[in-house]
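Asks: So the chains spell out like this:
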Amino acid sequence: MTTSQPVLNLCDLYVEYLTARGPVQAVNGVSFSIAPGEVFGLAGESGCGKSTIAHTILRVLRPPAIITGGQIVVKGRDVLQMDDETLEAFRWRDVSMVFQSAMNSLNPVMNVGNQLADVFIRHKRMSKREALERASELLIGVDIDQRRLSSFPHQLSGGMRQRVVIAMAMALEPALMIMDEPTTALDVVVQKDIMQQIRELKRKMSFAILFITHDLSLMTEFSDRIGIMYAGEIVEQAQAREIFNNPLHPYTQGLLGSFPALAGPKKRLTGIAGSPPDLVAPPAGCRFHPRCWVCQPIEQVVKPQLREVLPGHWLAAHPGMPLPPGAA
Amino acid sequence: MDFRLLLRNPIGRIGIIVVLFFVVASLGAPVIAPGDPSEFVGDPNQPPSSEHIFGTDPQGKDVFRQTVWGGRISLAIGFGTAILAITVAILIGMTAGFFGGLVDNLLTLLMNLFLVIPGLPLLILLAAYLAPSTSTVIGTLALTGWAFHARIFRSMVLSLREKDFVAASIVSGEGNFTILFQQILPNMINIIVGSFIGSLIYGIGAATALSFLGLTEMTDVTWGTNLFWAQNGGALFSGAWWAFVPSGICVALTAFGLSLINYGMDEITNPRLRAERELAKVVKNAALRRVRATPFVPRAH
Amino acid sequence: MSPVLEVRNLTKHFTTGSVLKSQRILALNGVSFTIGRGEVLALVGESGSGKSTTARLIARLMPPTSGEILLRGQDVLKTEPRKASRSYRREVQMIFQDPFGSLSPNHTIGYHLERPLLIHKRAIGRDVQQKVETLLATVGLNPPAEMTHKFPFQLSGGQRQRVAIARALAVEPEIILADEPISMLDVSIRMGVLNLMEQLKEERGIGFLYITHDLASARYIADRTIVMYGGYTVESAESHELMAQPAHPYTQTLLAAVPNPQAGLETPATGAPSAPKSASASASAGVQFSPRGCPFAGRCPQVKAICHEVMPGLTTIAPDHWVRCHLFGP
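Residue numbers (our numbering), protein chains in the order written: chain A, 2 to 329; chain B, 67 to 367; chain C, 66 to 395.
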């Protein structure tokens with residue numbers, strides 16, 4: 002257990018989207034923390050709230066999204082209490098983000114060098130020349146030839162564009178980088194390249210990473226700790242290896258049982274029947290109970306809290322309940 | 067399907083009301099302004115009075131009757147033009163887009179030809195040489211107006227043709243025409259209605275212009291001919307503004323109403339525009355809507 | 066037993082660019098394989114490898130540049146050169162990758178299933194409704210009577226994909242071409258759809274061409290797997306054998322690149338060498354503009370001089386396992 006202050010401490014976060022049908026409870030009391038230099042993975046399927054959390058840390062969602070409770074403490078300061086000015090200074094310096102499909106949102110009419118330099122000009126008020134120098138250093142850092150400074154995004158491959166985006170996020174050397182599905186649009190070979198690159202950078206610059214993806218295998222290989230999200234809540238949290246070898250929550254088990262293996266005997270997998278709940282009127286108690294095969298009556302009424310049932314292994318369960326059978 | 071939504075959209079609603087008003091008024095002309103609008107009923111250039119609500123024109127005709135009866139042919143020409151132009155545009159545009167190849171090349175050439183030829187001179191030329199009548203006007207306006215919409219339809223068909231559900235229909239064994247009418251056309255309804263309304267506006271406006279130039283059947287009573295006679299009789303010089311303002315306003319307001327309907331339809335089909343207004347309904351606090359960062363509005367849980 | 070579908074030397078070249086400066090894209094080159102009754106064949110490759118083009122050619126959505134498509138021994142490109150016959154359309158069906166795009170938004174589910182039944186005269190009158198409901202029940206969409214009246218936007222991605230499968234089933238085909246049917250679905254839904262396909266294969270003897278970029282799902286459902294790169298087939302074997310004994314350097318690269326949950330943060334990747342760092346070649350690597358030598362030569366960790374000059378032929382290295390690589394033969 003690290004004694005130094007966590008880089009991110011998210012406490013009891015509640016985020017809603019206001020719609021004509023009523024508020025959608027996208028994030029329902031989520032808490033986790035990330036230690037300096039740690040990789041924390043947030044896993045879950047579409048609609049579970051992981052992207053919402055990522056955007057909320059930087060407070061970039063606009064109404065109808067509103068935060069209705071909690072604290073987000075980054076390096077000792079609560080992001081939710083910051084005013085607009087402080088937020089502007091905070092964004093990109095302390096926390097930066099690689100958005101989903103970011104490689105497709107590079108400005109197509111500006112060359113890569115200028116886009117990178119922009120970060121320095123805007124945030125550090127550097128001169129154009131200085132900024133371009135720093136930009137070329139960044140490109141070398143992500144293993145791109147600095148002659149590419151004058152290239153336009155469409156002249157680069159998907160993998161290279163993703164590296165440019167990562168370089169941009171790293172420019173101000175933040176303590177935490179959020180990566181929302183950074184490799185989803187890439188081929189698996191390029192994906193491996195990018196992940197290795199990120200690993201290298203992390204080793205050199207020791208930033209922490211909040212890593213979001215639905216690909217549980219990728220996440221387990223890459224993360225130190227993992228939180229499994231379902232319908233706006235964290236249902237299980239533990240070291241990556243532990244989640245993979247000893248999943249306790251039925252949803253985690255179902256999720257792991259959705260990935261066929263590349264080796265070993267042929268096993269029949271079933272996935273999980275049913276579909277995620279409507280978050281305007283979610284089920285009472287445990288939000289997973291309508292699809293759960295080990296549901297106890299109390300789960301249908303009282304929401305289970307996250308408890309440390311094994312050292313370092315947290316599970317949303319009611320006290321005194323027998324642990325669900327782990328995957329052997 | 068979409069039209070109920072249109073009624074609920076406030077801008078579309080206003081548009082429909084305005085247009086309906088003129089349509090109903092024109093249809094109800096025998097009741098609202100009984101009598102022959104071409105009849106000479108009094109002294110010329112009389113200002114509005116209790117006897118003649120809109121006064122009289124330089125020839126001594128009742129302006130109110132002229133205005134109300136004038137709507138009939140003006141609107142008829144507008145609808146006629148729109149129906150003809152859009153039908154031709156659909157046939158040519160969809161054929162070009164769907165079948166591609168040589169057919170597409172030839173039809174696109176045709177479209178471009180009609181787009182390049184300057185409209186107003188062509189209109190004037192045709193109207194001057196052909197025997198003036200309502201059907202001639204409709205034909206002429208449709209001839210100069212179809213190509214613009216045909217190009218739009220062709221583009222839509224080109225993009226819809228690549229969609230998976232069209233490929234799925236082909237693999238199921240559907241014939242080309244079934245695909246065209248059951249899969250592609252239903253997805254184009256919004257664009258077609260928008261183009262129809264655009265054609266309507268063009269038809270009414272251009273017909274009025276032609277009449278004002280004296281190129282249509284001048285014994286008809288239309289908003290355009292009203293303007294012609296007013297100008298011919300020197301209403302402007304004599305200060306008899308009541309002789310031309312009503313017809314002018316009718317044309318302008320009808321076109322305006324149609325534009326509002328189009329705007330309403332735009333809002334329905336483009337979710338981004340709608341989201342702005344729906345946001346206002348859901349987040350009532352205006353200050354909250356304008357914030358740049360996610361607002362923090364804590365409450366008990 | 067003779068195969069139901071056989072493809073020989075299927076080739077597709079596209080021409081793009083202007084009249085003055087046209088470019089040829091060699092999307093597919095000399096692809097051959099067979100699919101037997103009740104067999105699942107997987108085509109695995111990255112984007113640009115030609116796998117989707119193969120499916121669209123077999124579905125006769127576009128004509129091939131050259132090659133033969135034999136359905137039960139008959140070359141359909143010769144017997145029905147201009148347009149696929151109704152009987153071909155009955156025997157060869159397709160499901161698409163995007164569950165949100167492959168159903169027409171303005172029609173009910175019932176309509177989608179009625180049309181193939183009516184076109185191919187599988188049912189008439191009141192029978193039609195009956196058959197539609199049976200189909201819906203077969204693919205697990207219950208209650209069928211309610212489902213018939215729903216529109217696609219009311220269904221989830223997984224449900225829409227099941228409708229697409231039901232539509233393909235309606236005509237009782239011999240072959241179903243499945244173009245990445247699960248890659249756009251939520252993870253926990255995917256197995257259900259794959260299991261359904263497997264069940265249909267066992268119960269009805271339908272042959273599947275399963276196209277994917279995901280090796281693991283190919284291993285799960287396919288009997289045989291063919292790996293494609295740059296428009297060429299580079300290796301073919303029984304699925305488990307291919308994953309256990311990959312011969313072609315590209316197959317090895319692919320296998321090494323799949324995330325391995327057992328490997329930790331600090332442990333270096335074991336197994337075959339990964340792609341070299343200079344392989345930041347474009348994502349559609351391999352779609353080359355001139356056929357000189359092996360398409361993988363530029364990225365191959367075991368490349369030899371001859372690889373740049375001469376296209377390797379097929380070499381059989383084990384029963385039912387062949388490779389296209391100079392490491393094994395000319």
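Think of the hints as simulated: they come from the structure by calculation, not from any bench.
Watch out, some of these pointers could steer you wrong.
Stated by the list, open to error - Calculated lysine-lysine pairs in the DSSO-like style (CA-CA distance at most 30 angstroms, straight line): (1) B:347 <-> C:148; (2) B:229 <-> C:148; (3) A:125 <-> A:76; (4) B:229 <-> C:86; (5) B:347 <-> C:86; (6) C:369 <-> B:229.
Source: prediction; values computed, not measured.
Asks: All hints are to be evaluated individually against the structure, with a verdict given for each.
Replies: Going through the hints against the structure:
For the suggested pair residue 347 of chain B and residue 148 of chain C, the alpha carbons sit about 54 angstroms apart, so the restraint of at most 30 angstroms is broken. For the hint pairing residue 229 of chain B with residue 148 of chain C, the CA-to-CA distance comes to about 20 angstroms; that is within 30 angstroms, so the pair holds. For the suggested pair residue 125 of chain A and residue 76 of chain A, the alpha carbons sit about 20 angstroms apart, so the restraint of at most 30 angstroms is met. Straight-line distance between C-alpha atoms of residue 229 of chain B and residue 86 of chain C comes to about 29 angstroms, which keeps the hinted pair within the 30 angstroms bound.
For the given pair, residue 347 of chain B sits about 55 angstroms from residue 86 of chain C by alpha-carbon distance, which is inconsistent with the 30 angstroms threshold. Among the hinted pairs, residue 369 of chain C with residue 229 of chain B is inconsistent with the structure: their alpha-carbon atoms are about 43 angstroms apart, more than 30 angstroms.
Checked against the numbered hints given earlier, this structure breaks hints 1, 5 and 6; the rest are met.
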